[in-house]
Amino acid sequence: MRQVIGTFKLRMKSICIKAAVSLGLAVLLQSVLPQAAAAQNAAPQLLQKLTGTPPAPAFALPDLDDAITKLSDLKGKILIVNFWATWCPPCRKEMPSMQRAWEKIKDKGVVLIGIHVGGNTDKIWDFTSQHNLTFPILIDKRGAVSKKWKTIGLPTTYVVDGRGRKIYRAIGGREWDDDQLLAQVLALRTGK
Amino acid sequence: MRRASFEGSKKDQFMPTSLPGFPLLPRARIFLAALMVAPTLIAAQTPPPAQSPARKFEQDGLKIELAALPPDTTRAFFMGRGFARKDADHLVAKACVFRSAIGSAFSKAGSPAVSIDLKQWQVLSAGHDKGGAAPPRREDWSPVWQARGLSEDAKVAFYWALFPTRQTFAAGDYNWGMLTFGLPAGTKFSLKLVWRTGGTKHETMLKDLTCGK
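If you're matching them up, the sequences are chains A and B in order.
Residue 13 is where the first sequence starts when you use my numbering, and the numbers rise one by one after that.
Residue 1392 is where the second sequence starts when you use my numbering, and the numbers rise one by one after that.
The shape of chain A in the complex, shown without the other chains:
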């Protein structure tokens, strides 16, 4: 009798454990699968090719240490120029992907620059240190350079070729470390 009860208990225990594990796996899959599907269906990270390849307007802007960077200092380089602000949600969201992009491209003849619109340096410091941003951040205190570049909303990012021409534009956030997007940028190195 004891043996029968013992076997029954073991069987019940086994069934309970199997059920718990199955339920756990089902819930886990339920939570993981939609994310996987969403990732698969993620929208492509598009860059808009600008008609007429307008020249990138000159600038001389300070960074957080008041050191001035001029556009002319960067002649011959491919540039990604991002206009942003700490208080702009999509700007904040895309910044980590910009840092990852910077890690991928910084040794490939491409310079990534963030131009902050507005001059609240404390908030910029907080944000850049919090996100470990290591690419150059310049400050457009009055927004004059942003307007000269025909930026009318944030974030807006331009890709400039080695001849100083605006080639691509992205209005709104992107995943900047996307390989296809970066391939378009790197292709400009050929000078075509």
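If you are wondering where the hints come from, they were derived from the structure by calculation, not from laboratory data.
Glycine included, every Cβ here is placed at the ideal spot set by N, Cα and C.
Take the hints with a grain of salt, since some may be wrong.
To be verified - So these bits of chain B aren't anywhere near chain A, every CB distance computed over 12 Å:
#	residue
1	K1485
2	G1494
3	S1498
4	V1547
5	S1581
6	L1597
To be verified - Across the chosen pairs, the derived CB separations fall in these ranges:
#	chain 1	residue 1	chain 2	residue 2	range
7	B	E1543	A	G88	51 to 61 Å
8	A	G121	B	R1539	22 to 32 Å
9	A	A55	B	T1595	15 to 25 Å
10	B	K1592	A	P101	28 to 38 Å
Claimed, not checked - Straight-line Cα separation of at most 25 Å, SDA-like style, residue types lysine to any residue; simulated pairs:
#	chain 1	residue 1	chain 2	residue 2
11	A	K135	B	K1477
12	A	K105	B	T1559
13	A	K105	B	Y1550
14	B	K1499	A	K153
15	A	K159	B	W1532
16	B	K1499	A	A195
17	A	K61	B	K1499
18	A	K153	B	R1528
19	B	K1583	B	A1500
20	A	K162	B	P1503
Keeping the supplied structure of chain A fixed, place chain B upon it in accordance with the hints.
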């Protein structure tokens, strides 16, 4: 890492290697599996957060999301960007503010451009289809702040925080920004949206919008 720590030889001395019915599933693994799924199970039991007040709309290439900001939020946002209290108070007294994200609903390169001009939009009293006025835009606020002697930093912050008056979106493009409506807190209203997709004019009415309070 976890697996290694649970499968050390010392651990095995104190635990049977398997359970009846699970010859290949040691207790440690079951415990581990339970630990892994527990947060998911708990999350599945947790009620969803209160429904977001954001209003979403997508039609004929336009994608828009609007959410009313309570006056206190608007006041705090701008005071954090150089507004004096009296100027922030003036703003919330004169306008109800919505945060917005507006852009192209298209995600394929080469899709038609979508353009908006806020001057063509109309704010209407609830239940009315005509007789509205365009929402105040960046350009309308500039002389107000000039007259009130707002600091340059605050003026720059306000200008860039507001949604651009005119914008053209390619596929994948969108902007974020605030929209101001010249209405008192808590007012119900309708918003007539006008936009062009590939040159074709579209319009629709968003009804039952409510200013924050």
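| message | Checking each numbered hint in turn, tell me which of them this model violates, lowest number first. | response | Per hint list: 2, 3, 4, 7, 8, 14 and 19 violated.
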